[in-house]
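With the hints as constraints, model all of the structure from the sequences given.
Chains as they are written, first to last, in our numbering: chain A, 1 to 114; chain B, 115 to 229.
No lab work stands behind these hints: they were computed from the structure. Just so you know, not all the hints are guaranteed correct.
Said to hold, decoys possible - Simulated crosslink set (DSBU-like; lysine-lysine; CA at most 35 angstroms straight-line):
1) A/Lys24 - B/Lys163
2) B/Lys163 - B/Lys175
3) A/Lys68 - A/Lys24
4) A/Lys24 - B/Lys175
5) A/Lys68 - B/Lys182
6) B/Lys182 - B/Lys163
7) A/Lys78 - B/Lys163
8) A/Lys78 - A/Lys68
9) A/Lys78 - A/Lys24
Said to hold, decoys possible - Residues on chain B that point at chain A, a partial pick, calculated with CB under 10 angstroms:
10) Ile125
11) Gly155
12) Phe177
13) Phe181
14) Arg215
15) Thr218
Quick caveat: nothing in here was measured; it's all calculated off a predicted structure. We treat Cβ as the ideally placed atom computed from N, Cα and C, and that holds for glycine.
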Amino acid sequence: DAGVIQSPRHEVTEMGQEVTLRCKPISGHNSLFWYRQTMMRGLELLIYFNNNVPIDDSGMPEDRFSAKMPNASFSTLKIQPSEPRDSAVYFCASSLAQGYNEQFFGPGTRLTVL
Amino acid sequence: AQSVTQPDIHITVSEGASLELRCNYSYGATPYLFWYVQSPGQGLQLLLKYFSGDTLVQGIKGFEAEFKRSQSSFNLRKPSVHWSDAAEYFCAVGGMDTGRRALTFGSGTRLQVQP
Chain A
1 DAGVIQSPRH EVTEMGQEVT LRCKPISGHN SLFWYRQTMM RGLELLIYFN
51 NNVPIDDSGM PEDRFSAKMP NASFSTLKIQ PSEPRDSAVY FCASSLAQGY
101 NEQFFGPGTR LTVL
Chain B
115 AQSVTQPDIH ITVSEGASLE LRCNYSYGAT PYLFWYVQSP GQGLQLLLKY
165 FSGDTLVQGI KGFEAEFKRS QSSFNLRKPS VHWSDAAEYF CAVGGMDTGR
215 RALTFGSGTR LQVQP
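This is the structure in structure tokens:
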């Protein structure tokens, strides 16, 4: 298995631009998580899907952030408009929804907003 | 609310020395506990996990952790550290219920290994 796939690996954009991060979970996994890692706040959950349905989006910072999971094999995290404080590493993780919830992490997307 | 505390931000040990990284958690139900390792510029790799049963769990790369319910702790240990163990280590807690599956992470402990 290829593991969790994220794209792009690096993104540099200017303030005000739209940014879309992509994630392909491990095949067969039906829970998907988006986390953000910053020096100030560490690793924090943004949103979590179960069977393509958002279960907990309490970590989404504000309306500029949105996430979708149109099918079991693809999810996007969009920031519009982006701001310099959004600069961070964004991780996607997936797991099985049943039983133990061991999460497998992707390599992350390093976002820099100038 | 659930939380994880890793009191040591940075630890330096000599290669070959033993290691213990501390983790304390707060969780309102039966916790599922994890240790992840992150090398610079990399994603998170699971070292080990505790769900139930034997409170001493073995993981990859020679690591082990012990769950102590009375102390709300889940400390990570390794008897002899290798230079390749230099990385950042995260303790995390999660649950089995649908609403609790997301992990809450500690702030991490950065391990430096001296030759």
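Cross-check of the supplied hints:
1. A/Lys24 - B/Lys163: holds (24 angstroms)
2. B/Lys163 - B/Lys175: Given that 35 angstroms is the threshold and the Cα spacing comes to 14 angstroms, the pair holds.
3. A/Lys68 - A/Lys24: holds (12 angstroms)
4. A/Lys24 - B/Lys175: Holds, at roughly 28 angstroms.
5. A/Lys68 - B/Lys182: Since the Cα atoms of A/Lys68 and B/Lys182 sit roughly 39 angstroms apart, the hinted pair is violated (cutoff 35 angstroms).
6. B/Lys182 - B/Lys163: holds (14 angstroms)
7. A/Lys78 - B/Lys163: Answer holds: A/Lys78 to B/Lys163 is near 32 angstroms, not above 35 angstroms.
8. A/Lys78 - A/Lys68: With Cα atoms ~8 angstroms apart, A/Lys78 and A/Lys68 stay inside 35 angstroms; holds.
9. A/Lys78 - A/Lys24: holds (15 angstroms)
10. Ile125: violated (17 angstroms)
11. Gly155: holds (8 angstroms)
12. Phe177: violated (16 angstroms)
13. Phe181: This hint is violated: B/Phe181 lies away from chain A, its Cβ roughly 15 angstroms from the closest one there, beyond 10 angstroms.
14. Arg215: Since chain A brings a Cβ to about 5 angstroms from B/Arg215, closer than 10 angstroms, the hint holds.
15. Thr218: holds (8 angstroms)
The earlier numbered hints that this structure contradicts are 5, 10, 12, 13.
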